[in-house]
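Since the structure of chain A is already known, use the hints to place chain B on it.
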Amino acid sequence: MALRDFLKGATEIGKAMGVTLKSLTEKPVTTEYPRDAVPLYPRFRGKHELRRYENGMERCIGCMLCEAACPTGAIYVEAEENDPLHPLSPGERHAKVYEVNLLRCIFCGDCEEACPTEAIVLGHDFAMANYNRRDFILTKQELLNPGEPNVVIRPE
Amino acid sequence: MTDLVTLTIDDRQVSVPKGTLVVDAAAKLGIEIPVFCSHPKLDPVACCRMCLVEISGPRGMMLQTACSVPVAQDMVVKTDTQQVKEVQEANLAFILLNHPLDCPICDKGGECPLQDQTMQFGPGLSQLVEPKRMKNKNYLISDTIVLDQERCVVCWRCIRYLEEWEDKPQLALFERGGKTIIDIQDGQPVDAKTSGNIIDMCPVGALTNRVARFSYRPWEIERTPSICTQCSMGCNLRMDTRTHKLRRVIGRENMDVNDQWICDKGRFANAWVNDEGRLTMPLVRKNGELTPAPWGEALALVAEKLQAIKQQHGADAIGGIGSAKLANESNYLLQRFMRQLIGTNNVDHRDGGDVAALPTGLPALADVMKPQYGPDPKHDVIMLVGIDPSEELPVLDLHLKRAVRRGKAKLVIVHPRQIELTRYDGPFLQANPGTETTLVNGLLRAVTDAKEETKSEAHKLTSGASDRQVDHLCGVKSAELRKAADVLAGAQNPLIIYGPMVARGQFGAALRQALTNMALYLGKPENLAYVGLEANSQGVRDMGVLPDRLPGQAALDDTMASELLGKLWSCSLPVHPGKSYKQMLDGAGDTVKALYVMGANPASERPAWADKLDKLDFLVVQELFLTETAAQADVVLPAVSWAEQDGTFTNLERRVQRAPKALGNPQSKAAPDWMILDHLASFFDAQWGHANAQAVTAEITKAAPNYAEMLWDALGDQGLQWSTVDNSYLLPEATYARAEQPDVPATEGSLALIGGTVLYDGGNLFALTTRMKDMSFGAMVHLNPADGETLGVDDGAEVTVRSDHGALKLAVKLDATVKPGAAWIPESLPGAPVGALLNGSAVTTVTIEK
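For the protein sequence lines, the chains are A and B, in the order given. If you read the first sequence in our numbering, its first letter stands for residue 24, the second for the next number, and so on. If you read the second sequence in our numbering, its first letter stands for residue 263, the second for the next number, and so on.
Hints in this document: simulated from the structure, not taken from any laboratory. All of these numbers come straight from a predicted model, not from anything done at the bench. Every residue, glycine too, gets a C-beta built ideally from N, C-alpha and C. Hints should not be assumed to be uniformly reliable.
What the hints assert, rightly or not - Across the chosen pairs, the derived CB separations fall in these ranges:
| id | chain 1 | residue 1 | chain 2 | residue 2 | range |
| --- | --- | --- | --- | --- | --- |
| 1 | A | N78 | B | P1047 | 55 to 65 Å |
| 2 | A | E136 | B | T268 | 47 to 57 Å |
| 3 | A | T95 | B | M381 | 25 to 35 Å |
| 4 | B | M381 | A | F67 | 32 to 42 Å |
| 5 | B | E294 | A | K119 | 58 to 68 Å |
| 6 | A | E136 | B | P1092 | 22 to 32 Å |
| 7 | A | M151 | B | E482 | 20 to 30 Å |
| 8 | A | M151 | B | G439 | 55 to 65 Å |
| 9 | A | N78 | B | R485 | 37 to 47 Å |
| 10 | B | D445 | A | N155 | 53 to 63 Å |
| 11 | A | K119 | B | E437 | 33 to 43 Å |
For reference, chain A alone in the conformation it holds in the complex (with noise of 0.2 Å):
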């Protein structure tokens, strides 16, 4: 009987010992954040983004539906004419101040749903930690040259 035991019991441990051995031998599955990146699905909706165009000319044009749509009010734009001769966007309105506040952001896409040039796009930064709270008002400057540009662009 108790012999019995015992060799089912050694098996036991030498089946879970064989977990052990093989797991040994396998990639970790857990990241080592931050020294390595995270992997994102590609629809992730992180750190706000304004794109331009491939010539350079900003895609938003201040037409503040981004604001209209957002349910809490962390979206903030002041629009502008165009100067004819150096144009910041195509046709005749520009954004002269774009501001998100991410204390206020829930990340849920609004405003890439609403805007109607895909100029605003929620990117793939989540870093966004800070000591100051005035930090956390992202500027138009910030929004137009992120850390790392990483934004799939949806088909048109």
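Only chain B this time, still in chain A's reference frame:
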């Protein structure tokens, strides 16, 4: 009253007055028929075809345009049949064919009838596969209006407005078919003074506001119903604000005041409200420099100094200058402060005690209006003396044009310039400046000549004003005088309006009497009106900001009024009349030791009179900006504008209207005018205890009998007119008296100065709207070409204009509308305040030196 017609719309019966259009009858039932070209204030044209509905006719039910077909008895209308739906969809698809889909950058987006109707009635799909037609975008038709020809749906509303209301057909259609465009004519920009109204009327985003361009979105703004304070019309408007900034101003309907129209100055020239240069902190002079100080310190200093001066020199050494630009509440408290806490009647405003005014203003604006589908104006003859509505009161100008063209009213114009309204075929008497009294006497003489029984009596009254004498002195030919007399003699209900330009000093007093005689003779003494030009010219008088009048315009010796006020303010009132605006400025440093100036800028408006401000012991200025006067002050108290405080204003027809607070700068320490005075009173150990502006409004109802009904809530969005019937004590005692023509100063080679105001004066506040910079009048003196030749000056020549009060350097403009022998320099021009020349009477002579 009118005949009613009963018809059936969508199986529901409705009775409407005869002549109503089907579209309006349907609206009465709450049935919406989509329209683009139809507008309730314009004649129908039926060109957009959007309103096609089935209407019964001799050949059965047929598609007809609801906007142009008047109702008929037993008419049957169907608005919801399959056929109507199909034709609406087809029409919208057609209208949208070449309409660009740039709604995201279009200022109309969000309040666009085309957007709304496309959602409600449109097909939802476009069959267009070809590229859309390209036309001009961002095309300026004036400095303030942008046209986008691609967006235009050719509804004619702008063209019709300019034709039917402005009588200035400056826009027209060009080309044909799908290429049709709206454009200006011969490259001449639209310059109608109320052109901005076409922006409000445009059913798409073809015409947009260039000043407010891209600064607002309809879904983000807060809308405050308010009034305009740029002139005394008191047009109703709506202020659209966002993030503590005034974004846009649009017209608001009030059928007793402005119909739905506002002028371009009221609409566009508002940048000063948002200006960065506004005062935000009290300033106190320390070591010769104005330095920011907390409110408590500034007010304590004001109180201390004023009390010391009162002790040393007596109460009459202190004066208060109010402003016809500010609300009733502020002006009421200023005179209460001067009378109760200082104890003097030295309180006045510019064009106050020095002007021969009348207490009641216009009988009613509605009586000169001819609204679309409204009755004819009640006045059949309107006489304008020394007032130019086109420049001074543009919306009144609009009403008058309409009254002449559609209401069969006639104009009689007495003005030293050939003003714009003279283009209508009415008598125009271009009298030499200062001779208006003789002219009106001569006119009365000519009118009475028709009636034998009154002839001799009237001739006694008007001796010295025969046709020959009028010709000699006024420069008006007998034929024109007789023509005017015929018009006046035939008048059923004449209206006579005179303005501040001819009402100053002894000339003004004489003219007022001459006009009173005329009005009495015509049987309508109540129809003689003095019209001030500033937003609250009427209200500031009603509030008693006059050296000889208490609130309610009661005389100082009116025991009932002074008892009432004494009880209300728990004090005894000063009994001697105070000093007028001019007397206070003239006496500065001598009989006047301290001045409290609220919202006025005498150093710029009347520099010749205000040259002794630096001799004052103490000068307090309550202002929006650091003006020329404020720069000389010992204490500057920062106030907020009409858009940032509650207040009531009384317009030229005695209508008291609300101007509620629409915005406020959270970073500014500036305070409402009434609050500054209320707090200042507490430093005099008086507790007025007004919690808000409405409390002051309520106190006014007790202090001024004619304002008894004017509680804040009772005024509503359309205001209330105080009645001359219930307040008949305010009607002037109209009696015949001889109106003696004062001597017109005439020296060889001199010209008579014509003042008056122009709309785009380019003054301190106007200049802040940079888009309108090029529209401003410019620092010029206008001379008749004949005088130019005599003097040997050409267009653009630099000259010195000199009066015995001062001199100005100006450029010459030769202008045939100016009477020979006169020089025209409007008030408030930038850098050239004509006030430097004025001597306080209606006539100032100047010489021109090369």
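Hint by hint, here is what the structure shows:
1. Between N78/A and P1047/B the C-beta distance comes to about 57 Å, which sits within the given range of 55 to 65 Å.
2. As the Cβ distance of E136/A to T268/B is approximately 51 Å, the hint placing it in 47 to 57 Å holds.
3. Look at T95/A against M381/B: about 27 Å separates their beta carbons, and that is inside 25 to 35 Å.
4. Range check, M381/B to F67/A: about 34 Å between beta-carbon atoms, so the 32 to 42 Å window is met.
5. The hinted range of 58 to 68 Å is not satisfied by E294/B and K119/A, whose Cβ atoms lie roughly 38 Å apart.
6. Distance hint check for E136/A and P1092/B: the Cβ-Cβ separation is about 50 Å, which falls outside the suggested range of 22 to 32 Å.
7. At about 27 Å, the beta-carbon gap between M151/A and E482/B stays in the expected band of 20 to 30 Å.
8. The hint said 55 to 65 Å for the Cβ distance between M151/A and G439/B, and at roughly 57 Å that hint holds.
9. N78/A and R485/B have their C-beta atoms about 40 Å apart, which keeps the hinted 37 to 47 Å range intact.
10. The beta-carbon spacing between D445/B and N155/A, approximately 55 Å, falls within the hinted interval of 53 to 63 Å.
11. Distance hint for K119/A and E437/B: a CB-CB separation of about 36 Å, consistent with the stated range 33 to 43 Å.
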